[in-house]
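2 protein chains.
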Amino acid sequence: MTFKLHCFGESGNSYKAALALQLSGLDWEPVFVDFFGGAARTDEYRALNPMGEAPLLQDGDHCISQSGVIQQYITDKTGKFGGEGDDKYEVLRWVLWDNHKLSSMCGMTRFLMNFLPEDKRPQEVIGFNQGRLKAAYAVLDSHLEGRDWIVGDGITNADLSCCGYLYYPEPFGFDRADWPNIDRWLTNISDQPGWKAPYDLMPGSPADRA
Amino acid sequence: MTFKLHCFGESGNSYKAALALQLSGLDWEPVFVDFFGGAARTDEYRALNPMGEAPLLQDGDHCISQSGVIQQYITDKTGKFGGEGDDKYEVLRWVLWDNHKLSSMCGMTRFLMNFLPEDKRPQEVIGFNQGRLKAAYAVLDSHLEGRDWIVGDGITNADLSCCGYLYYPEPFGFDRADWPNIDRWLTNISDQPGWKAPYDLMPGSPADRA
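Chains as they are written, first to last, in my numbering: chain X, 1 to 210; chain E, 1 to 210.
Think of the hints as simulated: they come from the structure by calculation, not from any bench. Treat the hints with care, as some may be off.
Stated by the list, open to error - One side only, chain X facing chain E, incomplete, derived with CB under 7 Å:
| no. | residue |
| --- | --- |
| 1 | Q66 |
| 2 | G68 |
| 3 | V69 |
| 4 | Y89 |
| 5 | L92 |
| 6 | R93 |
| 7 | L96 |
| 8 | N99 |
| 9 | H100 |
| 10 | S104 |
| 11 | P122 |
| 12 | E124 |
| 13 | V125 |
| 14 | F128 |
Said to hold, decoys possible - Simulated pairs of lysine-lysine, DSBU-like, Cα-Cα distance not exceeding 35 Å:
| no. | chain 1 | residue 1 | chain 2 | residue 2 |
| --- | --- | --- | --- | --- |
| 15 | E | K80 | X | K88 |
| 16 | X | K80 | E | K80 |
| 17 | X | K77 | E | K80 |
| 18 | X | K120 | E | K120 |
| 19 | E | K4 | X | K134 |
For glycine and all other residues, C-beta sits at the position ideal for the given N, C-alpha and C.
The task is simple: from the sequences and hints, build the whole structure.
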C-alpha cells in the first residue's frame, strides 16, 4: 500500500510530513493540492480534511492531518524518529514548540512577505513577527550548541518539524549565516540519504505561477 | 509524591497543565513563577527550563515543560484524557492545531492588548491577529456543532488544550456569546468536578499588580 500525501511545494508544514516519509523508507507518493488555486477550500477536499489544510496523509481509507500527527503516525509504523524511551517527551516538546513559536511564525511571515501582492503586505505585522522569530532562532541555535540533533543522538521528529521552513529560498527574515549551530544542523539533516529540498520533494512552486 | 507545577495565573499555557492536573485527581501543588517580575529569566529558573517558559512540571527530579507534554505525561501516568485507540491521533491533532492556530494567537494578542503599556500596543498586529483568531474560532465552533467534546465521548487533552485562554476575563477579541457551540462546550468543561477558573486555580493575577 502506497501512502498518498496531499501537499504542495510552498507548504513548509507539508514538507515536514513529506521529509519524514522520504527519510523513513516508506512507500509514498505526493498528490498535488493546488492551494493557491483554491483546491483546499473545495467540498471534495474538505470532506477529507474539514480544516482545509495541507498536508493530509491517506493510508487507504484512513486520513490523517497536521504534520506532527503524520510524523507520529510514521513513527508508530516504522519505529523511527520518535526518540528512545523518555526522549519521546523531549521530541514532543520541540514539535509543540515548533508549532507554537517557530513554524507558525515562519509560515505566516513568509506568506505575508512573498505570496501577498506587494501593496497588501502589512509591514508592522511583518516587523513584529520577525522580532518574535529572532527570539525563536536564538532558542534553537543556543540549544544546538555542541549538539548534532535536537534530541538525543540521531534525527527525530523534533528535527523534522523545526527544519520545515528553514530550507526555503524566499526571504522571511532567516539567514543561515546568522545562526552557525542551526546552519550546521540543517546540513546534518540535508546529508541524510534521500533528502531533497522542498521544491524537489513536492509538486508545485512559485515558478509554476510566475 | 506531590507534583509541583511552576505556573502563574495569567498564563493560559500554565492553565492547560494546571487544569489537567486538577481534573486528573493527581496530587499537585502550584509554585508561583513571578513572570512579570522577571523570575522566568533568572539562572535558577533557566536551569530547570532553558526555554524560560511556564508551565514547568516537577515530578521529583524530573522536569517537564510545554503544556502539551505535561498533558501527555499526565495521560501516561493516569490513563486519562488521551482518547481511546486511534483517537490518540485526533487528540494530538487538536493539541497541535491549538498550539499553531489558537492558543499561540490568543496568548500573544491578550498580552499585547492588556499587559503592554497602552502607548506600546501595536494596533496593526492586534487587528491582524484578531482576524486570524476569528478564523480559528470558526473552525472550532463548527467542529463542536452537535458534539459535547472535541474528540470522542469524553474530555481529552484536546479540550484541555483548546480551552486554555478562553475562560480569561481580559479582552482579546473573544466573546462566548458569538460562538454558541464553543460556549456550550466551555460549560461542559467547567461543569467537571474540581474545575476552577484560571485565577482561582493558580497563584498570581493582574489584581496583584494593580
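Against the structure shown, which of the earlier numbered hints fail to hold, in ascending order? none
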